[in-house]
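Enquirer: Sequence:
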Amino acid sequence: MLRSLSASVARGDDRHMRACEMGCEATMTRAKGGDGMTSLAELIEKTLAKRRSENEPLRIVQAGHPALRAHSKDAAGALDPELLGEFIQALVVTMHEAPGVGVAAPQVGVPIRLVVMEDFVREEGEERDAGDALYERDNLPLMAVIDPRYEEVEGEDTVTFGWEGCLSVDGWRSLVPRPKSVRVFGTAILDGGEVRELDEVWTGWSARIFQHESDHLDGILCHDRGVERSLVQDSYLHRYTDLSAAVRYLGLRGDVANLEPGAVDLHRTRA
1 MLRSLSASVA RGDDRHMRAC EMGCEATMTR AKGGDGMTSL AELIEKTLAK
51 RRSENEPLRI VQAGHPALRA HSKDAAGALD PELLGEFIQA LVVTMHEAPG
101 VGVAAPQVGV PIRLVVMEDF VREEGEERDA GDALYERDNL PLMAVIDPRY
151 EEVEGEDTVT FGWEGCLSVD GWRSLVPRPK SVRVFGTAIL DGGEVRELDE
201 VWTGWSARIF QHESDHLDGI LCHDRGVERS LVQDSYLHRY TDLSAAVRYL
251 GLRGDVANLE PGAVDLHRTR A
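Numbering (our numbering), first residue to last: 1 to 271.
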């Protein structure tokens, strides 16, 4: 699985080869600058070299590391295809080992606009359980996304409140309001080698994952977007699966206090 995804990059899809040829030299010059700073390629090579084998995960940095607050550099054209493929494979290994549903490059100390995502929820044909139905959570196939970004969907007035954790703030959750649907953009590299330009609407939990991972590339942690007073340790989370309990016992205020018992969606009123 991992090899087929990364090998497709190393082989060099035509679009990526053209992007590398046109932009690699310019991007590396910008990254290195005139003050001798380490280039992105050198930083990635050093990061990968710390592993004893390709099956070993990269170290996930924690809140306080500067890469988590940096505005990451564009990935298109920044790396040669072989190095990009090796780095993607390492990110996927890291995501699976954590385990998590996504990892962004800044989480391993590299400020470049690249993420990997995968969310396997159920076998094909199985029905959603109550929690998955509430958050519209379905399988998200393994993919890497180069230069991901998202924007709100015109006319989408629904905000969904959901508990989010971050591998870079280990052991903590915040209640994060996000648009239920967003339009997503970027270059997706799917398992099996397919390369697809994204310009489509995602909804539900997959949209939340995309927003969460993309935010990392602009130096934003999910806890930055959390409802005030909602930060809790993982061990307490079971007490607040019904968000009305979180409102009551954590003293949450604002829009979340307007949710009906058992609900997670709130319709915004626009001026």
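In case anyone wonders, no lab produced these hints; they're calculated from the structure. Because the structure is a prediction, the values reported are computed rather than measured. The C-beta atom is built at its ideal place from N, Cα and C for all residues, glycine as well. Careful: at least some of the hints might be erroneous.
Said to hold, decoys possible - EDC-like mimics (lysine to aspartate or glutamate), calculated; alpha carbons at most 16 Å apart, straight line:
id: 1; residue 1: K73; residue 2: D215
id: 2; residue 1: K46; residue 2: D74
id: 3; residue 1: K73; residue 2: D224
id: 4; residue 1: K50; residue 2: E86
id: 5; residue 1: K46; residue 2: E56
id: 6; residue 1: K73; residue 2: E42
Stated by the list, open to error - Pair by pair, the computed Cβ-Cβ distance ranges are:
id: 7; residue 1: D255; residue 2: D199; range: 26 to 34 Å
id: 8; residue 1: P141; residue 2: R225; range: 19 to 27 Å
id: 9; residue 1: A257; residue 2: E82; range: 46 to 54 Å
id: 10; residue 1: R229; residue 2: R69; range: 47 to 55 Å
id: 11; residue 1: R268; residue 2: E126; range: 30 to 38 Å
id: 12; residue 1: A63; residue 2: E97; range: 42 to 50 Å
id: 13; residue 1: A133; residue 2: R225; range: 32 to 40 Å
Enquirer: Hints first: check each against the structure and report whether it holds.
Expert: Here is what the structure says about each hint:
no.	hint	verdict
1	K73 <-> D215	holds, 13 Å
2	K46 <-> D74	violated, 19 Å
3	K73 <-> D224	violated, 21 Å
4	K50 <-> E86	holds, 13 Å
5	K46 <-> E56	holds, 15 Å
6	K73 <-> E42	holds, 14 Å
7	D255 <-> D199: 26 to 34 Å	holds, 30 Å
8	P141 <-> R225: 19 to 27 Å	holds, 26 Å
9	A257 <-> E82: 46 to 54 Å	holds, 52 Å
10	R229 <-> R69: 47 to 55 Å	violated, 23 Å
11	R268 <-> E126: 30 to 38 Å	holds, 33 Å
12	A63 <-> E97: 42 to 50 Å	violated, 20 Å
13	A133 <-> R225: 32 to 40 Å	violated, 24 Å
Going down the numbered hints, you'll see the structure goes against 2, 3, 10, 12 and 13, while the others check out.
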